[in-house]
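**Q** Protein chains in written order, with our numbering: chain Y, 1 to 510; chain E, 1 to 334.
Please keep in mind that the hints were generated in silico from the structure rather than gathered at the bench.
Watch out, some of these pointers could steer you wrong.
[Claimed, not checked] Quick partial rundown of chain E residues pointing at chain Y, CB under 10 Å, derived from the structure: (1) D33; (2) S80; (3) S93; (4) I164; (5) R167; (6) Y172.
[Stated by the list, open to error] Calculated pairs, SDA-like style, for lysine to any residue (alpha carbon to alpha carbon, straight line, at most 25 Å): (7) Y:K259 with Y:A510; (8) Y:K366 with Y:A403; (9) Y:K127 with E:G56; (10) Y:K187 with E:L174; (11) Y:K188 with Y:G32; (12) Y:K259 with Y:T508; (13) Y:K127 with E:I61; (14) Y:K382 with Y:H432; (15) Y:K127 with E:Q64; (16) E:K59 with Y:D125; (17) Y:K405 with E:R50; (18) Y:K356 with Y:D300; (19) Y:K489 with E:V157; (20) Y:K464 with Y:L287; (21) Y:K174 with Y:M104; (22) Y:K179 with E:G86; (23) Y:K366 with Y:P56; (24) Y:K405 with E:D33; (25) Y:K187 with E:L99.
All figures in this text were calculated on a predicted structure; none of them were measured in a lab.
Ideal Cβ positions, reconstructed from N, Cα and C, are used throughout, including at glycine.
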Amino acid sequence: MNLTRRGLVAGGMTLALADRILPIRAARADSGTVTIAYNVGLPAWDPTVGPSAVNPTIQAIYQSVFDQYIGQNPDLSFTGGLLEKWGWNDAKTGIWMDVRKGAMWHDGSPVTTDDIIWSLTRAGDPKGGNPIQFIWGNLSNFKADGSRVTADAHGYDPALFKWMAFLTGYVLPKAYFEKVGAEGFEKKPIGSGPYMVDAFERNAFLRLKANPHYWGGKPAIDTVVFKFVTDASARIAEIESGASDVTLEIPYEEFDRLKAKSGLKGVTTPVSDIGMIFITNVEPAMLDANVRHAMVKAVDKKLLVDKLLRGYGIPIDTLEAPQYAAFDADIKTPYDPEGAVKLLAASGYSKDKPVKFTIQTTRGFKPKDYEMIQAIVGMWRKVGIDATIEVYEIAKHYELRAAHKLAPAAFYNWGNSIGDPTTSTGFAMFSHSPHSGWHSDDVDALIGPLWGEADEAKRIAGWKAVDKYIADNALVLPLLQYVQPIIHKAGLNVVPSVSGALLPARITRA
Amino acid sequence: MITRILSRLLQAIPTLAGVAVLVFVLVRVVPGDPVAMMIPPGADADVVARLYAQYGLDKPILTQFVIWAGQALHGDFGMSISLRQGVTGLIFSRLPATLELVAFAATLAVLLGGALAVFGTRYAGRAGEAVVDGLTGFILSVPDFLWGLAFIVGFGVLLPLFPISGRNDPSYSLGLASDFILTESFLRLRWGVTADILAHMTMPAVALALPLAAMIARVLKSSLAEQMAQDYALLSRVKGFSRWHVIVAEALRNAAIPTVSLTGVQVTFLVGGTVLIEKIFSYPGIGSLAIDAVVNRDLPLIQGLILTFAVLFILINLLLDFSYALLDPRLRHG
Numbered sequence: 001m002n003l004t005r006r007g008l009v010a011g012g013m014t015l016a017l018a019d020r021i022l023p024i025r026a027a028r029a030d031s032g033t034v035t036i037a038y039n040v041g042l043p044a045w046d047p048t049v050g051p052s053a054v055n056p057t058i059q060a061i062y063q064s065v066f067d068q069y070i071g072q073n074p075d076l077s078f079t080g081g082l083l084e085k086w087g088w089n090d091a092k093t094g095i096w097m098d099v100r101k102g103a104m105w106h107d108g109s110p111v112t113t114d115d116i117i118w119s120l121t122r123a124g125d126p127k128g129g130n131p132i133q134f135i136w137g138n139l140s141n142f143k144a145d146g147s148r149v150t151a152d153a154h155g156y157d158p159a160l161f162k163w164m165a166f167l168t169g170y171v172l173p174k175a176y177f178e179k180v181g182a183e184g185f186e187k188k189p190i191g192s193g194p195y196m197v198d199a200f201e202r203n204a205f206l207r208l209k210a211n212p213h214y215w216g217g218k219p220a221i222d223t224v225v226f227k228f229v230t231d232a233s234a235r236i237a238e239i240e241s242g243a244s245d246v247t248l249e250i251p252y253e254e255f256d257r258l259k260a261k262s263g264l265k266g267v268t269t270p271v272s273d274i275g276m277i278f279i280t281n282v283e284p285a286m287l288d289a290n291v292r293h294a295m296v297k298a299v300d301k302k303l304l305v306d307k308l309l310r311g312y313g314i315p316i317d318t319l320e321a322p323q324y325a326a327f328d329a330d331i332k333t334p335y336d337p338e339g340a341v342k343l344l345a346a347s348g349y350s351k352d353k354p355v356k357f358t359i360q361t362t363r364g365f366k367p368k369d370y371e372m373i374q375a376i377v378g379m380w381r382k383v384g385i386d387a388t389i390e391v392y393e394i395a396k397h398y399e400l401r402a403a404h405k406l407a408p409a410a411f412y413n414w415g416n417s418i419g420d421p422t423t424s425t426g427f428a429m430f431s432h433s434p435h436s437g438w439h440s441d442d443v444d445a446l447i448g449p450l451w452g453e454a455d456e457a458k459r460i461a462g463w464k465a466v467d468k469y470i471a472d473n474a475l476v477l478p479l480l481q482y483v484q485p486i487i488h489k490a491g492l493n494v495v496p497s498v499s500g501a502l503l504p505a506r507i508t509r510a
Numbered sequence: 001m002i003t004r005i006l007s008r009l010l011q012a013i014p015t016l017a018g019v020a021v022l023v024f025v026l027v028r029v030v031p032g033d034p035v036a037m038m039i040p041p042g043a044d045a046d047v048v049a050r051l052y053a054q055y056g057l058d059k060p061i062l063t064q065f066v067i068w069a070g071q072a073l074h075g076d077f078g079m080s081i082s083l084r085q086g087v088t089g090l091i092f093s094r095l096p097a098t099l100e101l102v103a104f105a106a107t108l109a110v111l112l113g114g115a116l117a118v119f120g121t122r123y124a125g126r127a128g129e130a131v132v133d134g135l136t137g138f139i140l141s142v143p144d145f146l147w148g149l150a151f152i153v154g155f156g157v158l159l160p161l162f163p164i165s166g167r168n169d170p171s172y173s174l175g176l177a178s179d180f181i182l183t184e185s186f187l188r189l190r191w192g193v194t195a196d197i198l199a200h201m202t203m204p205a206v207a208l209a210l211p212l213a214a215m216i217a218r219v220l221k222s223s224l225a226e227q228m229a230q231d232y233a234l235l236s237r238v239k240g241f242s243r244w245h246v247i248v249a250e251a252l253r254n255a256a257i258p259t260v261s262l263t264g265v266q267v268t269f270l271v272g273g274t275v276l277i278e279k280i281f282s283y284p285g286i287g288s289l290a291i292d293a294v295v296n297r298d299l300p301l302i303q304g305l306i307l308t309f310a311v312l313f314i315l316i317n318l319l320l321d322f323s324y325a326l327l328d329p330r331l332r333h334g
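The following block holds chain E by itself, in its conformation from the complex (with noise of 0.2 Å):
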């Protein structure tokens, strides 16, 4: 197992390379010159030249390239531009927000769906079926930034139950040692914050969540319907156990390995799909600061946050590796 962890890890860093020469290129062939959004009124050539001289981008690309590969081998990805801070500490500071986000949004999504799931193949043939065929179509219909403004207008305007932007109340003062308030405020028992922490939540985790879950609900569906009628489910029945606990008991852990498999590239779409829904919302996250670091140009922060998304798609999809191994032993002994 450690030889095939260290293995993919290994795999990982010709991918990480190639993803930070793609997007150092990237970011400076596409419209907009940093410098230019901030030369002063009146400035004359020799600011303008201070200007490109300051942030680095008056040396050739190449030469660019260099320092902030060498910066970056150290964990230093530079200094932003429009925030006039360390990129990695930006990072670091705003990532909690966007994984608590992802992993309550993705929770969700795996417990709905699973449900949608078992409801759909204890009522296979049956109006029941018919529902979960029906709703699981029309919110994968609809695109997770349709749902977060229609929970904003439903939840948030004409039955206020949810909080419409931000992380936490910003009337108290949260006193926690960490970034990662839901988690830390869970484990200290301060329960308030961890509700208003999860009510700012909500709706956002509950937009991206819908389609992913009702993806999880079709796939799993059909792999549930699948081993119901293997022999050994069919045994199970013959034996008089009820239809849910063959499911759930038995046919569940078998289906669920193409289901994770989907559910894990998902994830990954998941957190790209917090760039949209965190701006609805406010949601200080990556995916806000992702929006604000391409409309100001800002290239360092540019490049640290699509190397960050590349190291998260790399974990999930690690992750995932060996979730296949718990769940099928097969894989495990193999």
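Isolated chain Y, as found in the complex (with noise of 0.2 Å):
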């Protein structure tokens, strides 16, 4: 063999750069990883403050990295998180809870009822910056006995409990956040929650590695990579090519097509999300019961489903569905548009007289939302209404909402993943609130009592018989219920959960 100068040069070469190529690709054969396809990306990791800790999008990753004061099940019921027990006094002036004992935050140190207090305590501060400071601003005076933590309530609030496992229930380390600021937490965070931190580029991908320590058990994937992929396109690509392991939020065709290849599977839930009309008494149309009432005749919510979701969603009557506290499956608004055409003549309209008004929609916000406005409208126009689609960004929703100008129909998703009524029914029909549309005295006499209610089973009654009259008045149209669609390799188990949190410590290899 011989040697040449040339040809040393060039097997030199070769050799350093596999010298410096080979172990990435060693790396990237590590098989304790499952890397997820997410359709969002993580602004900001304190989960308490700000306009990211109200994004249920991301709530499986805080969920993953951070615990909640009570946690939930896959079905919505609610279950320990650092507290292992927690109630109101006697009194209803009051709460207790009773901290986790051997939790620890992810740098080893204990989480302590130090810990509940501070955050509680940061969370109701009205200059906190927490959007859910109104709920916790309710607590005062807290004190600590051993693992029990007491706190004063300036009013009962039945749903308290509920909150501290939704948006911003989530417990930080005091000692950590103090030491190292606000900056500094965005820069390193730590939680006690099932995975740790181990790598955060924004908008391009969070590396978690499974917390050993964890209270409930070690996760059963060592790392996961959560990708920030927030083109649906894209993710598909993602799954398809075996660069991801499991995806999310991606259309309904699509997940029909890949769950039928080999090598993946298809998982779907229906989750707390649903699609609804907001009917606004801002025209005078829109006061006309039978106006109203043919609306919501008129539309054929199961052919909506079927036709435009591939059968992927659940066709509701009221602002709650099946999972919720206050579901009652005896409302119902069913399909009738002979009806829709009688109650419109009633008041003078007809297919050549047609009631004319606006309905506005978001385009692409949420799964065919315009073709399904364009079909209720189609409907419509069959019984004698005529409406002009207004399509919006849903930044110009939320604005109008806010400024309670809305068109007289507008399209929009309500999520409520801690099921109750209050969050659902509550926040969006009675007029005090930011996100109603309809404003009326009657609906609010019948809700005002119930913010209070201690007696839950009444509470929840009343809530029922809220829903009840909203449906007998036509003042809002329920569609259905999302369902989301999560692709996964055949290899792994993915557990969805109805509050739509896709979360990592549920995954295990199949």
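With the hints in hand, could you dock these two chains into one complex?
**A** What follows is the structure in structure tokens.
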């Protein structure tokens, strides 16, 4: 064999390159990693302040790193979080909470009553920037006795503990946060959750390592990578190419195609997110009960679900989905186009002389939102309703809704992962809420006393009565409960949650 | 030359001031109230008022502008509403990714466009030129984001040669000091990392580069054709130099000036094109940041980003002016 100078140089270069490239290839082959092509990025780490704290789509990430005061099972039922037990005192003037023993922060220090008190005090501080401060501000005068924390409440709130499993209901490490400050926490966040932050590149990826000391047991998957892939077609490509192991929120037609492919599996679950049409009493036509009832009766929700969403949706008749606490299967608003025609005729409207108004909708914000409104407008046209579609961005919807300037009809989706009626029917229909569409004293009179109702059975019955009243008077047009599609590699088991949170701690090897 | 640079820099100041005013006004008249998007359920009027005050949106627009302009002059573009971080820091952390992507794309475009032009000129009047013309026409008829989607399907899924999203493989830590990870990894001789970053950049960069490459090919080929008809080119040919030699060694430099002018203008569009391309490939630059800022009506971030884009455009044009001088001695000594 002749060894030339050129050959020696080339060989050396090859070896050098191999030495520098191979370690990465080896790292890629790490079988303990599950990569999730996730549909949103993580804007900020503190789950208790700022707009991202109330963004439902990123709660899965927060819940992986941080513990909530109270946890939630996949079916929305409540379970212990960093609180093992909790409750109101007999007089309903204060609360008690038993802090979990043995829970540790990711830096190895124990979770204490101080952390709970500090987190709740900070959340209730009006200057603290917690968007749900109006809930946490209800508590004061915290005291610790052993592992029990007590606090006074300014008023009884039947949903308070449910909020502890909801938006901003997270416990943060007092000592660490005070040591590093808010900016330091953003750079290196620690929690007490099942996963620890290993690497985070904003808008690119988040790499998590399993917490070996997690009080709920070490998660089955050692390393989880959230790849932030906001474009649905790129998420489909990620899973199809094998670059990612799990993805979610893809078009239903793609879900059906992918789940039929070898090596991939699909799982769906109805989630706590509903599609609805706000009816507002800003124009005289909407004050006519016949028109509102006709709007509701003329919509074939099952057809919308079957034809537009390929069956992935559940028609609903109230703002309560079947998993919610105040769901009442007896409340029905059946499809009845003939009835709609008669009602409109009674008010002097017909196909030749239709009632006219504007309906606002987003386009592409939710699956087939615009197409659904187009179909609804077509159904309405057949009975004597001529609605003009106005497309707006979701930001405009929020602006108009807060200013009570929505069009007579406006499509929206409403999430409620704690399933309480206050956070669905309550905030959507109570006129003092900045998120309500219909404003009337009769509805307010029904809802008002329920905010502080201490008898839970009576409270839920009360909300069911409110839902019935709303349905009987056609004050809103509930459409459907959304279904979340998740595609994953066949070698994994993925447990979906009705809350919509895709939790890596619930992913195991098949 | 220094006077010329200073003069151009001074001219940039009113331009930036104009952009700042325009952006400030525009982002406040477009639909969508950032505070309305973050009003929590059950919030009362006090909570809403507090949110407006927290972000300084309760003040008159003129006052808001004065405050913002004063801070901006000190390099402080305020706090991002959606990301709760300083806008300046956010932009500086994401700008390197975009700059490296644009530089890579521009390099690819120049190399590819130049090669096509030279090839088309070499085979002028023959099938080779027709192929180049047909190819550039086809490339130009397809927008960059469509190229991006086609690459995802073609080279991400069907023939998975390149990563589909991100800037680097998330399974390992980079351990680099700066955000110019491509440059730094190369200089530190960590070529495995460099190769990985280049693999992630390839599809977005090629998608961005293709339309520019086609345009460069067309303009440069046309200029080369003119140069090849000049006496000096004919003389070289008569002296016996090959057609390749005359094109590459003699005509190319003279033909480059109009191409440089076009390339400079087009590179500014290329910077704008990153907005969509970065979104499609989940590439963490200022383009994808801009989309998120607009979706969230993050006014301070939108303002900071548009000003950044404006500064980039101005800098590219400045570089362009100076490159003319380097290429054309008449300008250098004029």
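**Q** Work down the list of hints and note, for each, if the structure agrees.
**A** Results of checking the hints against the structure:
1. D33: holds (4 Å)
2. S80: Interface hint status for S80 (chain E): holds (8 Å vs cutoff 10 Å).
3. S93: At about 7 Å, which falls below the 10 Å cut-off, the nearest Cβ of chain Y leaves the hint on S93 (chain E) intact, so it holds.
4. I164: holds (5 Å)
5. R167: Because about 6 Å separates R167 (chain E) from the closest Cβ in chain Y, which is inside the 10 Å limit, the hint holds.
6. Y172: Constraint on Y172 (chain E) satisfied, holds at 5 Å.
7. Y:K259 with Y:A510: holds (16 Å)
8. Y:K366 with Y:A403: holds (23 Å)
9. Y:K127 with E:G56: Holds, because 14 Å separates the two Cα atoms, which is no more than 25 Å.
10. Y:K187 with E:L174: OK: K187 (chain Y) and L174 (chain E) at ~16 Å, within 25 Å.
11. Y:K188 with Y:G32: Distance of about 23 Å is within 25 Å: holds.
12. Y:K259 with Y:T508: holds (18 Å)
13. Y:K127 with E:I61: holds (24 Å)
14. Y:K382 with Y:H432: violated (36 Å)
15. Y:K127 with E:Q64: Distance ~21 Å between K127 (chain Y) and Q64 (chain E) Cα, so the pair holds.
16. E:K59 with Y:D125: holds (23 Å)
17. Y:K405 with E:R50: holds (21 Å)
18. Y:K356 with Y:D300: Answer holds: K356 (chain Y) to D300 (chain Y) is near 20 Å, not above 25 Å.
19. Y:K489 with E:V157: holds (15 Å)
20. Y:K464 with Y:L287: Holds, at roughly 23 Å.
21. Y:K174 with Y:M104: holds (13 Å)
22. Y:K179 with E:G86: holds (21 Å)
23. Y:K366 with Y:P56: Since the Cα atoms of K366 (chain Y) and P56 (chain Y) sit roughly 14 Å apart, the hinted pair holds (cutoff 25 Å).
24. Y:K405 with E:D33: holds (13 Å)
25. Y:K187 with E:L99: holds (24 Å)
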